[in-house]
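Given chain A's structure and the hints, the job is docking chain B onto it.
Line by line, the protein sequences give chains A and B.
Going by this note's numbering, the first residue of the first sequence is number 1, and it counts up by one from there.
Going by this note's numbering, the first residue of the second sequence is number 468, and it counts up by one from there.
Worth flagging that the hints you see were computed from the coordinates, not collected in a lab.
It is possible that some hints are incorrect.
Said to hold, decoys possible - EDC-like mimics (lysine to aspartate or glutamate), calculated; alpha carbons at most 16 Å apart, straight line:
1) B:K492 with A:E32
2) A:K450 with A:E308
3) A:K228 with A:E308
4) B:K492 with A:E308
Said to hold, decoys possible - Covered by chain B, per the in silico footprint, the following chain A stretches (three or more residues, Cβ under 8 Å):
5) 17-28
6) 60-73
7) 273-283
To be verified - A short, non-exhaustive set of chain B residues, derived as facing chain A with CB atoms under 10 Å:
8) P470
9) A489
10) E526
11) S529
12) A546
Note that the Cβ used here is the ideal one computed from N, Cα and C, for glycine as well.
Listed below, chain by chain, are the residues.
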Amino acid sequence: MADDLDISGGTTAVTTEDLDQAAEQLEQLFRETATLAADLARIHSPHVPGASYSDQSRVDIELAIDRLRDVSQHAGALHLALTTAGTGYAVAERLVGVVVRGLEVGVANVLGRLAPVLVVGNIWVTLGAALWTGIAASGGIGKVADKAFGGVPSRDPFLRKNNELITDVDSVNVVRTLAQLAGPALLGALGVPAVVPQLVGVKDYEIGARGLIAVGQPIGLLRETGVKLVDTVEQPVLKPPQDYADRLSRVPHVEGGAGPQVVIEKYTVPDEPDRYSVYVGGTVTFSPSSPTEPWDMTSNLFNAAGIESGSVESVREAMAAAGIDENSPVQFTGYSQGGGTAARLAASGLYNTQGLTTFGGPTGQVQLPDGFPAVLVEHADDLVPALGGEQDNQRAVLVRREVFADRALPEEWAVPAHRHEYYMETARLMDLSNSPQLDATIAELDRFTKGATLVSSTAYQFERTKE
Amino acid sequence: MNPTDAAAHAALEAQFRQLARALEKLLSVRVRLVPVRATFWRGRARDAYNQSLRDLDGEIGSAIELIRMAHRGTRLAIAEVEGRG
Chain A
1 MADDLDISGG TTAVTTEDLD QAAEQLEQLF RETATLAADL ARIHSPHVPG ASYSDQSRVD
61 IELAIDRLRD VSQHAGALHL ALTTAGTGYA VAERLVGVVV RGLEVGVANV LGRLAPVLVV
121 GNIWVTLGAA LWTGIAASGG IGKVADKAFG GVPSRDPFLR KNNELITDVD SVNVVRTLAQ
181 LAGPALLGAL GVPAVVPQLV GVKDYEIGAR GLIAVGQPIG LLRETGVKLV DTVEQPVLKP
241 PQDYADRLSR VPHVEGGAGP QVVIEKYTVP DEPDRYSVYV GGTVTFSPSS PTEPWDMTSN
301 LFNAAGIESG SVESVREAMA AAGIDENSPV QFTGYSQGGG TAARLAASGL YNTQGLTTFG
361 GPTGQVQLPD GFPAVLVEHA DDLVPALGGE QDNQRAVLVR REVFADRALP EEWAVPAHRH
421 EYYMETARLM DLSNSPQLDA TIAELDRFTK GATLVSSTAY QFERTKE
Chain B
468 MNPTDAAAHA ALEAQFRQLA RALEKLLSVR VRLVPVRATF WRGRARDAYN QSLRDLDGEI
528 GSAIELIRMA HRGTRLAIAE VEGRG
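Extracted from the complex, chain A is given alone in its bound form (with noise of 0.2 Å):
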């Protein structure tokens, strides 16, 4: 169903919130059932000569403390089974998910080593290299790029009619898996065995992302720049955020069009530093080569392939201005790549962490530390958050649901699972879902703001420099 959210990882096994809502059912049957048959047998059924009515009815008690006792064993023991099946649904996931992964990224490096050898003699293989060489000797098509993928996709009428394909659950798992997979593909048709990225500590999956920025970069493409602000709005200032939904709309999101990446609302506690929660938006333009726009495809590259993207950059220098240091508590949230620009800089070490929520965001192979709660929430049909990677933050919560399990796609959207709506569709589920770990994580996220008093929140806008 598209309203069933999949909650994981946090403090308490794997479950779906059914199952955890039939095993909290089943626990309390158990022990009602219990006491109702031990009430009955405290009633002292006399025995009336000449009274056949109360013979009968003290048979009957009997029948019906034995038969709430069956009921008693029977719930507990589904109980227990339920709980089991989701512990043991936890754990056989992970395990099964790592060693597939390792043997993965092994088959991976092999294709990747027999890929030349296969394609040897291929004619379109050799235009393709001429082609790019002849691009990359005269100046690159960077202008022409952006103007081709400016924008976001949703605008594209091929994408669009495609949309039915994009938003399937198993195609977003084939992407994932190849998001995963290209680093030791890569590294296998270059003749490097697979063990070397870890020898110089980079990730697999960061090495696809550098091989799309070095093919990309002698074309005109991929270029990172520095960033400069541009423009910063004192916004009205509001409560400190209540529940999930509250904090998704606080996130910068212009549809279709440039306007401030980030939000810092900055909190005032008495005798203890101030304190800053921290919004990042989302891709503003899919363009590989934009001029301006530091939220663009450059930036997500650049954060998958784990190197300082203009995107990361402007919200350090949005926080330097904040006043944030790395003593300040700072709280961060974000959506799409906001998302992974947020938990990028929460797993940076380079600031006081007290929190991380993000919706949609490619997050799957940013190590999280442990020592703040994390929420990620991903849509299982949204290609975004694939892109990613594998999700390997299992101690955060991880929330997962499918937007259009059961009703009909819309056909004006590319990527509509990635639509800001449907996640703040999701974080108004997230509130109402009465789950424990969700509800105790946005206690813990709560706290931050508790007995603090807003003072101001401020929008920033940044554009990306010629250099």
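Just chain B, lined up with the frame of chain A:
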């Protein structure tokens, strides 16, 4: 009413009230605490679990019926004792 019947009558009245309370509780338990059919799992695991839930609901239904019969029997026993004057 002789003292023995009076004591029995009082005990039956108490039993009648206790059974009414138990019946009310169990009806509420059945509504609140029997889970709806599974949305998790697939295939045989889901079928087996759902069958167990149906069995569980049947057992509770049977316990409700037994308490109802005991409740009705107690009311008739009270009437029997009262009928003896």
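Of the hints stated earlier, which fail here? Numbers 2, 4, 7, 8, in rising order.
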